[in-house]
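K.L.:
Given next are the chains, with one letter for each unit.
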Amino acid sequence: MSAPLISLQGLSKSFQGNDAVKFVDLTVDKGEFYGILGPSGCGKTTLLKMIAGLEEPSAGRVIIDGLDMSPVPANRRPVNTVFQSYAIFPHMSLEDNISYGLKLKGIGSGELKKRVLDMLDVVDLKGLERRWPDQLSGGQLQRVALARALIMQPKVVLLDEPLAALDAKLRETMKYELVKIQKEIGITFIMVTHDQQEALSMMDKIAVMNEGRIQQVDQPNLLYEKPKNLFVANFIGSANCLMGRVAKVEKGRTHVMLADLNQEIIAFSCENFKVSDRVQVIIRPEKLTFQDIELPSNHEKTINRVSGKLLEIIYHGGVSTFRVGFKNKNLKPLIVSQLNDDQQTKDGYRIGSHVEVCWRLDAATLVPVI
Amino acid sequence: MQSVRNPDAGKVKLLLFGEFISAIKSSLRNPWLNISLLVTLLFLYTPIIVLIIFSFNDSRRNIVWKGFTLKYYKKMFSNEILLEAFLNSIVIALITTILSLVLGVLTAILLWRFQFPLKSLYQGMVMIPVIVPEICIGIAFLVFFNMIGWPSDLIWPLSLAKIIFAHSLFCFPFVAIVVRAKLVNLNWECEEAAKDLGANAWHVYRDIWLPHLKPSLIAGGLLAFTLSLDDFVITFFTSGPETITLPIKIYSMVRFSVTPEVNAASTVLIVVTILSVCTAIFLQKENLKKGSFE
Amino acid sequence: MLSDRFRAKNENSRKVFLVTFLPPTIWLILFLFAPVLIIVVYSFSQKVGLINIEVNWVMDNYWRAADPLYLKIFAKSFYIAGTTTFLCLVISFPVVLAITKIRQNWKLIILVLLMLPFWINLLIRTYALIAVLRTRGFLNSGFEWIAAHLGLRFEPVQFLYNDTAIIIGLVYIHLPFMILPIYAGLEGFDETLKQAAEDLGSSSMQVYRHIVFPLIRPSVFAGCMLVFIPALGSYLTPELLGGTDGQLIANVIERQFKHANDWPFGAALSMVLIYVTCGVIAVWLLVAKRKKS
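Chains as they are written, first to last, in the numbering used here: chain A, -16 to 353; chain B, 907 to 1200; chain C, 4 to 296.
Rather than coming from a laboratory, the hints here were simulated on the basis of the structure.
Each hint should be verified, as a subset may be incorrect.
Listed next, the stretches of chain C that the computed footprint assigns to chain B, with coverage defined by at least 3 CB atoms under 8 Å from CB atoms of chain B [to be verified]:
(1) 38 to 51
(2) 84 to 98
(3) 258 to 271
Where a beta carbon is used, it is the ideal one built from N, C-alpha and C, also for glycine.
Given the sequences, and given the hints that come with them, work out the whole structure.
P.N.:
Structure below.
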């Protein structure tokens, strides 16, 4: 393993006594499309600005390519940013916007011209170099902002919610465009977003942030399949959550007593739980089913089953979601999500009827309650 | 904008004519409103237009048109006192504009950027020179300069200093208002973007702040210039007998009688004012053309 | 205590604060507070002999200002400023309504035409008005000309040098200050609100009474203040258009300084004028605030 391109060490920031970012440690490798995902106000933009040097950390260090960036001001860091509002200079033409940084560096006009044209090619804005910002669409402005950062050939490009201002359809296109450009030129991207769908589909690695702290850093699929806590589970996709206590631990299986349902379930778990630890059982809606999963030949228990009453069916087209309530009305109903491709889900379910909800032992994740 | 420069000018004229006709037609639909507008415009413009026209009238009696002449302008331009007054007015207005721009921009930045104790009180204080009746400011300056014993025999440009101080006091709040309104919609991220791309503090001022504020600086500067050029009351009290500005000179002429000379001097002042307004509008347009948008 | 919206480094922000704070503040202290303070001190002083002034903290000047003679002048100033404001308001409403109904490209021209007199020198505009209104002015010769053609005898009317002339002059000068704020208030008006009211059964008169007027009231108030305050303290217009008894308060103040040479009394009168002006503004702000909540 080579040294990471960027490492953040105990990075913190407080504004007038309010901690926006608390002791963040992160490492980003060269060539990665790295995501920082979190709800608004979780400190992710502040984190990004500290990497860019636009915000001074209260504590901790930013190390880029082995160099401590603390004494380096924003205008000398090998980092460029695509801002949330794009921050395209309104009084400069598109060409002048893109070449602004190079001009400050004192690059000669011949090379400048060539590099601008090359860059316009990369972001697909050829022929628009004479335009003014007010003649460009939102998507085009976004490309200008990207080109303006990329042309500096930085070690890292920081993107602050780059897709948030675009309409839904354009966002979808730009998503793939961004990934394509990043893979083509191989520059490391760090992108901040609040949209989990965006993060899962674009990024190589995601750091989930909440209230100024990093909750989990993982690849998108692991983040979804193995959330480390309830916040991550709820923030990425939707999740059912049952409270319980560990009743028994045996060779990778953990028995959990669900006190509210007065029932024991089993889950695979790699974490070491002790008997009577309080845990949350987290199950994704699409991992729940109403059908009995075929039992293998050995009689070892392979599914969990709870019973409840069907409260509501919501049709979404490809899938339907079902809400299943328990006798204990204080418990949150389970959300079950089913593909609408087989006959069985189409008919046979009536609101108010009694149903059995099943899931495989490996479908649930156990999360300790702190 | 482009269509005006269209080679097919006849078509454009025809189009404008059509516009005119339809404007008249639509005005017939609710006549009272439009008549009131027309009467108001007549009320506002008749005296001024009559004044300008009769500055070219070849008669001292000033009521009956006796033929076109420029003799009152010639007379005016050989009147040394009038020329001196005119020069004084222009110099005062220019220096006042510069001072007001500096003070106004600083005030605008202060009020926009910082939160400090008693800020709303401070804001109110800045507005006092605008609110308090001119006559009170005028006599306050009269008494003040009299009390501190400001020398009255200074050499020429320095002898205007009293008036310039007084003018910039009531002009700079206007600049501050105009500039602050523009500062409010400055995109922070543009400044950060410039820094991110390698700009130092000076580059940020030159490339981000100045272009953004330029329209408001032009508007504020114009306001200060015309307010200073216009001012009679405060100047009347502040200036000693040794300094004469154009409004003061015109006032002393008006007191005597209505004469074509006054008409000519007034016309020159009107033309200067309108020219400076047009220049400012032109500069703003130029700025717009270069793509700066609100 | 001091907080910077840029959240920049502290020492840097302090420097910027001082650079932006000190020059305007020093300017205000030197050229506004010091002179006004002297006026305040003078207003409590007494004239001794011809030119000397003794600071002895007496209220005499204020008692003298409360003399019916001066109270009458204050009342007259209020009356004339009030009438001016009212006339401007009455004229402005149909004018503004007419502008809003004009097509876009004509609208701009009309607005510029209404704005332009504002840039032209006050003195010149007043002088232009004199040339039109005086006994041998254009209005009278116009009447004369008509009368002569009708075979009637016409005695020139004295339009100038009375209170009506002052009011005409003040309206002439301050009209743009009323038209523009009301126009700004009405221009940004949401047309769908009117439509909603009509949809709910209001007549067009009721729409104006219940919907339009309450919503543009702040801009109407602003316009009234912009006319009333300068009209109250106006000096030049009454000086040139008013008669010998046509003095407003500002002219009386001027007399004390330039002719009667009674500076302490003039100082007291101008302090009263400042207090009255501030009082009017305070009432306006209070009313505006109460309307908001």
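K.L.:
Please go over all the hints and tell whether each is borne out by the structure.
P.N.:
Here is what the structure says about each hint:
1. Coverage of the stretch 38 to 51 of chain C by chain B holds. Counting CB-CB distances below 8 Å, 5 residues qualify, and the rule asks for three or more.
2. Three residues within the 8 Å Cβ limit are the bar, and the stretch 84 to 98 of chain C against chain B gives 3, so the coverage statement holds.
3. For the stretch 258 to 271 of chain C, the stated coverage by chain B is satisfied: 4 residues place a CB nearer than 8 Å to a CB of that chain, which reaches the threshold of 3.
Violated hints are absent here; each numbered hint is respected by the structure.
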